[in-house]
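Using the hints, position chain B against chain A.
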Amino acid sequence: MKLDDMYEPNRRGDAAREGGRQPAEGGAPLADREVPLAPVATFDHIHRWLDGEAPEPSGARGDTARSVEFWRRLEEETERRRRVVTPPYVASRIMAALPEPGSTTAVAPWWKKDVQLSPATIVALALGAFSLGVLAMRFMAR
Amino acid sequence: MKSTAPADQVAQADADQAIIARVLAGERDAFSILIHRYSDPLFRHALGMTGSPDVAEDILQMSFIKAYSHLAEVRGRFDAWVFRIVANGCKDWLKNIRRTHLSYDEDDQPTGYANPEEELDLSELRSDLDRALQTLPVSLREAFIMKHVEGRSYEEMADLLSTTVGALKMRVHRAREALQALLEEKYA
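Top line first, the protein sequences correspond to chains A and B.
Going by my numbering, the first residue of the first sequence is number 1, and it counts up by one from there.
Going by my numbering, the first residue of the second sequence is number 1001, and it counts up by one from there.
Chain A with its partners taken away, still in its complex shape:
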């Protein structure tokens, strides 16, 4: 049985044993080197992209790529809707429907408006007040 000498100089694990690959410059083992990964477009990244807080995800695959493509298409439609304007006749229609200029009640708050009561309303209010007074006196007489 042959055992590897783990302390043997100038040999660095499996990579060196394979023969063709040499250790990196500076002596760091290949396994310890950081390899930059392509940015992973998670749904959180897509939200941040749609919120304008991150660039458009690139290099996405599978479901994420489908999501990015979907939102690209939907953004085209929402962009179109963002350019929608009010039909030109609406402003004149609104102006024509506003209360008459002579009417001070049109723009005055409710507490500044004149109170208008019909004779029937005044009689009804008086009768109500009288009835309440009678009831109160009976209650106090007990």
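Honestly, the hints are just simulated from the structure, not real lab data.
Just to be clear, a hint being listed does not mean it is correct.
Calculated cross-link-like contacts (lysine to aspartate or glutamate; reagent style EDC-like; alpha-carbon spacing at most 20 Å) [claimed, not checked]:
1) K1186(B) with E77(A)
2) K1169(B) with E100(A)
3) K1169(B) with E56(A)
4) K1066(B) with D1054(B)
5) K1186(B) with D51(A)
Rough simulated footprint, nothing fancy, chain A against chain B, three-plus residues with beta-carbon under 8 Å [claimed, not checked]:
6) 1078–1088
7) 1164–1178
Think of the CB as a built atom: it goes at the ideal place given N, C-alpha and C, for glycine as much as any other residue.
Just chain B, lined up with the frame of chain A:
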């Protein structure tokens, strides 16, 4: 009601107050300046919420008449105040329509298309998006429309809806996920 810097907003609010003073002094036609200034974003909001141009026009008209009738009560920004009138008008309309119409049920959902790879038809996307939006709860739909169709910032939305940026982000994210679940099969 575009996204503007705070200094611009102050200047805009001052300009609006000057117009309001003219209207209250009897210069009725000055109100048309406010209509022209704010009708587009308000119309887009009403259209997005109701899905109907006719209804959006009616809500806009009712809202501006209400604003005119209570103009002396405006405190602070006119644009934010009139936005709330329109937003409430949309919510009231949606409440009433739900009482009288069946909701959008499972059979109407855009699933099971015969040929998902077929060329995208833009008008179809429009109607599918409208139908999908109608299925969202009102608060999610409102947040999505304000963010994606009106192009507002979360800060502006929070100001107009009197809520927090975090809550609005959550609503927009949930709306996106719901819309994607409804439409992705066909459009992704």
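Here is how each hint holds up against the structure:
no.: 1; hint: K1186(B) with E77(A); verdict: 15 Å, holds
no.: 2; hint: K1169(B) with E100(A); verdict: 44 Å, violated
no.: 3; hint: K1169(B) with E56(A); verdict: 18 Å, holds
no.: 4; hint: K1066(B) with D1054(B); verdict: 18 Å, holds
no.: 5; hint: K1186(B) with D51(A); verdict: 24 Å, violated
no.: 6; hint: 1078–1088; verdict: violated (count 0)
no.: 7; hint: 1164–1178; verdict: holds (count 5)
Hints 2, 5 and 6 from the list above are not met by this structure, while the remaining hints are.
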